[in-house]
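Engineer: Each chain is listed here by its residues.
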Amino acid sequence: MFEENTGSPAAGAGSEQRRERSASTAESGAGTSGVQSNEAVAREPENHGGEVPSAARAVAVALAGWLLPGLGHALLKMWGRALAIFLTVGFLVYLGAGMRGNVFEPGGEDAFARLGYMADAGTGAFYFVARAMEVSGSDVSHAVGDYGTRFLATAGVLNLLAALHAYEAARGRKA
Amino acid sequence: MVPLHFSHFQSLLLFALIISLAFGTLGRRKPIERVKYAAWSFAMFVLVGIALGWLMYPFSK
Numbered sequence: 001m002f003e004e005n006t007g008s009p010a011a012g013a014g015s016e017q018r019r020e021r022s023a024s025t026a027e028s029g030a031g032t033s034g035v036q037s038n039e040a041v042a043r044e045p046e047n048h049g050g051e052v053p054s055a056a057r058a059v060a061v062a063l064a065g066w067l068l069p070g071l072g073h074a075l076l077k078m079w080g081r082a083l084a085i086f087l088t089v090g091f092l093v094y095l096g097a098g099m100r101g102n103v104f105e106p107g108g109e110d111a112f113a114r115l116g117y118m119a120d121a122g123t124g125a126f127y128f129v130a131r132a133m134e135v136s137g138s139d140v141s142h143a144v145g146d147y148g149t150r151f152l153a154t155a156g157v158l159n160l161l162a163a164l165h166a167y168e169a170a171r172g173r174k175a
Numbered sequence: 176m177v178p179l180h181f182s183h184f185q186s187l188l189l190f191a192l193i194i195s196l197a198f199g200t201l202g203r204r205k206p207i208e209r210v211k212y213a214a215w216s217f218a219m220f221v222l223v224g225i226a227l228g229w230l231m232y233p234f235s236k
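As given, the protein sequences belong to chains R and P, one line each in that order.
1 is the number of the first residue of the first sequence in this note's numbering; add one for each residue after it.
176 is the number of the first residue of the second sequence in this note's numbering; add one for each residue after it.
One thing to keep in mind: the hints can contain errors.
[Unchecked claim] Some chain R residues flagged as far from chain P (calculated, every beta-carbon gap over 12 angstroms):
id, residue
1, Arg81
2, Pro106
3, Gly107
4, Ala125
[Unchecked claim] Some but not every residue of chain P turned toward chain R, in silico, with C-beta under 8 angstroms:
id, residue
5, Pro178
6, Leu179
7, Phe181
[Said to hold, decoys possible] Quick list of the computed label-pair ranges, beta carbon to beta carbon:
id, chain 1, residue 1, chain 2, residue 2, range
8, P, Met231, R, Phe112, 16 to 26 angstroms
9, P, Glu208, R, Leu83, 13 to 23 angstroms
10, P, Ile207, R, Glu105, 25 to 35 angstroms
Quick caveat, the hints were computed from the structure, so don't treat them as lab data.
For glycine and all other residues, C-beta sits at the position ideal for the given N, C-alpha and C.
Just chain R, same shape as in the assembly:
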């Protein structure tokens, strides 16, 4: 779903510089072969706005995005996406808890409960918000409660996907 990342500060500045560089190389290198100029461009290290993307930084960004939905993208100055993730995950958690969906607890008895907990925990800090909102417990005896369970799980999976996207963006990859 996240098909492009040209808004990333890590990718944006570097790719613009590379485009300019390849254009100037093509102009000046009229006498040389095009293969050589392309190789020269390919060998040059990527300059991500003066900031070298490191794996540790990318992991930190992903963890931040998981703990607080949207924070990973906010750290990368991708404000629109950060806000969209925060609002979407927050709204899904609010609706899921309001519909009295099942907020799974750790140490579930079967595989479904454990998977449900993993999905719910994907919302990061919002997991505890959902727990706090459901003061009267879950009620999945009605369809609306079952839908609430799905809303909560979807919020978690969506946030995990967003955290993965933030990781890819922090590494300077097209995500």
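Add chain P to chain R, keeping to what the hints say.
Structural biologist: Quick look at chain P alone, frame taken from chain R:
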């Protein structure tokens, strides 16, 4: 908090709307592409949901 009550179809529409908007915002960059992708996702969520509902209808009796 006050419990929220929705019907099956209302829940389906709400779910489809939220996820479609998120997909559109996160998956595309140009505004017109975002709107198109969100509308397409919303239509697919609703249509496939209704189709699956009808497919399961014989087993509900």
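Engineer: Lying within 25 to 35 angstroms: is that true of the beta-carbon distance isoleucine 207/P to glutamate 105/R?
Structural biologist: At 44 angstroms between Cβs, range violated.
Engineer: 13 to 23 angstroms was suggested as the range; check whether the CB atoms of glutamate 208/P and leucine 83/R agree with it.
Structural biologist: Once the Cβ atoms are compared, 18 angstroms apart, the range 13 to 23 angstroms for leucine 83/R and glutamate 208/P holds.
Engineer: Tell me if the beta carbons of methionine 231/P and phenylalanine 112/R are separated by a distance inside 16 to 26 angstroms.
Structural biologist: Holds, since methionine 231/P and phenylalanine 112/R (Cβ atoms, about 20 angstroms apart) stay within the stated range.
Engineer: Beyond 12 angstroms on every Cβ pair: is that true for proline 106/R relative to chain P?
Structural biologist: holds, 24 angstroms
Engineer: The hint names leucine 179/P as touching chain R; please verify it with the least Cβ-Cβ distance against 8 angstroms.
Structural biologist: holds, 4 angstroms
Engineer: How about phenylalanine 181/P: closest beta carbon in chain R under 8 angstroms, or not?
Structural biologist: Status holds, d = 5 angstroms.
Engineer: Could you check that no beta carbon of chain P comes within 12 angstroms of the beta carbon of alanine 125/R?
Structural biologist: holds, 18 angstroms
Engineer: Just to be careful: measuring from the Cβ of proline 178/P to every Cβ in chain R, is the smallest value less than 8 angstroms?
Structural biologist: OK, holds: proline 178/P within 8 angstroms of chain R, min 6 angstroms.
Engineer: When you look at the beta carbon of glycine 107/R, is every beta carbon of chain P farther off than 12 angstroms?
Structural biologist: Non-interface label on glycine 107/R holds, nearest chain P Cβ at 26 angstroms vs cutoff 12 angstroms.
Engineer: Is the nearest Cβ of chain P still more than 12 angstroms from the Cβ of arginine 81/R?
Structural biologist: violated, 6 angstroms
In the structure shown, a violation is registered for the earlier hints numbered 1, 10, in ascending order.
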